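For this one, chain Y is given, so just place chains R and G on it according to the hints.
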Amino acid sequence: MWQWFHRLGSPRWFYQASGKWLPWLSGVAVLLLMIGIAWGLGFAPQDAKQGNSFRIIYIHVPASFLALAGYYVMALAGAVGLIWKMKLADMVMKSAAPIGAALTFIALVTGAVWGKPTWGTYWVWDARITSMLVLFFLYLGVIALQYSYSGQDAANKASAVLSLVGMVNIPIIYKSVDWWYTLHQPATIKLTEAPSMHPDMFHPLLVMILGFYCFYAVVLILNTRTEILYRERRTRWVQDMVGPAGESGQ
Amino acid sequence: MGQGFLAILRRDVLLAFRNRGEIANPVIFFFIVVTLIPLGLTPEASRLAEIAPGILWVMALLASLLSVEGLFLSDYRDGTLEQLVISPQPLYLMVLAKILAHWLISGLPLTLLAPVLGMMLSLPEAGYFPLVLGLLMGTAVLSLVGAIGAALTVALRKGGLLLSLIVMPLYMPVLIFGSSAVQRSVDGFSIEGPMAVMGALLAFSLLISPFATAGALRVSMHG
Amino acid sequence: MMFRFDSLQDFLQMSGHGPYVWSAYVISIAVMLWLVISPLRRRRQLLAGVLRQQRREAMRQHQEESADDFVTENRK
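Protein chains in written order, with the working numbering: chain Y, 5 to 254; chain R, 27 to 249; chain G, 6 to 81.
Just so you know, the hints here were simulated from the structure itself, not pulled from any lab data. For clarity, every value in this text was computed on a predicted model and none was experimentally measured. Accuracy of the hints is not assured; some may be wrong.
Derived coverage of chain G by chain Y (criterion: at least 3 residues anywhere in the stretch with Cβ under 8 Å from a Cβ of chain Y; other residues may be distant) [stated by the list, open to error]:
| id | segment |
| --- | --- |
| 1 | 7-18 |
| 2 | 34-48 |
| 3 | 55-65 |
Yeah, the Cβ is synthetic: ideal placement off N, Cα and C, and Gly gets one too.
Extracted from the complex, chain Y is given alone in its bound form (with noise of 0.2 Å):
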């Protein structure tokens, strides 16, 4: 068990296992996004209440959760970091921050446009969209922090508090935000309404979740490996992946 917890922790035995799952996890990625985007495209039932637009969904689900998700991962990885001074676990961490922002904002914007024709405007402080608003900061605040230290060992560990400090925050702020939309604002139509909805419409959502799963672990996968070349490029293994005496690039 320890043995393989330190092989992992091996940045190059990281860069050479994943390459080769990559090219298999990344078809699986295509493969889903792509039968799941054409179904809830063309082969979906159109909502009753919300017509077409309703079809926005199966990009603003999968991406707000994944935005979630993506910030435990990222704290859990510093806390890992933080606690075994694992290089690869920080390495995971500053990979995952700008990915999660990247989606958060993602969900940010398909909720705007699907608000434009569902409530007639691009903004409303609903509860959902307000806590994605603020997930956001705090994956910028993250980013930020990381960029603006100098040492990297001080930069990824101050980054790894902060994301534990907003794990920890995170079900307080969304229980919060939950708690303040129900006192102000009268139910409106909710951008998911899970069990109420028919099959039909749950089935290529479904797809659609695995596939951004499978996508968030490919671009993680690729953003580790590329920070791992930067961080090892002085090493020697890299300089004889990249060719002996440069001779053959790779």
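Same frame as chain Y, now just chains R and G:
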């Protein structure tokens, strides 16, 4: 152990009293902004009363944000912070003492002055008690949470703006429960719910924040 | 399961919601593509940088080995 706590508390409060600007600035800021609101919006009492709970709480947030930046800054510059971090005393308690001192010189005056400001914004009578009670607990939470951000950014050159980006999202629950308690009371509902949550937030951040702040200080000092 | 639209025109318009649906999808896919492309591009630059440095070092070694040749070459 307790002596170190008291020593730091005494020292920080004393320093703040010698250097009066530290206490006065957030309070003056609070006053000035509250003066700006009727000028920018309307002098009409009924409309001011409507927005008073929210405005007062947003101002409290901003005032706390302004003052929390200096929580560790002067200690960092003159090297006291380094001594604190390497001292054999538990850093958790030392940090807690500094936060408590910060609350005594920023949160508490704000809380005590809040009724005056509420009056200036023609806050209805029912709003005063939840305003003061909420601020009493809420400003403590703000100091505790802000300390984490202050510790993370103390060694950075342009820490101020970053600090607000880091800390503001974490302030949100306090804002929500604080201002809605006032609003509810004005509307004639009970304030037990939001106040209980505010108390829970205080207890929770009292538990977590000094710990996270101590960790953040170690990162800031030694990388 | 069947295609829900009668014609391509219909599919693009989505009974008036087309612009919203399509722009949401296009923006999202663009951001997702950026997420894939940006690490790949950074990786390519990094590898090229490492390669360049290796060449430079190899060159320098070569020069040190044949410093005399280099000097004469330079004079030409």
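If you look at each residue in the segment 34-48 of chain G, do at least three have a Cβ nearer than 8 Å to any Cβ of chain Y? holds (count 9)
Three-residue Cβ test at 8 Å for the coverage of the segment 7-18 of chain G by chain Y: holds (count 5)
Within 8 Å of chain Y's CB atoms, at least three CB atoms from the segment 55-65 of chain G: coverage verdict: holds (count 6)
Comparing the model with each earlier hint shows no violations; every hint is respected.
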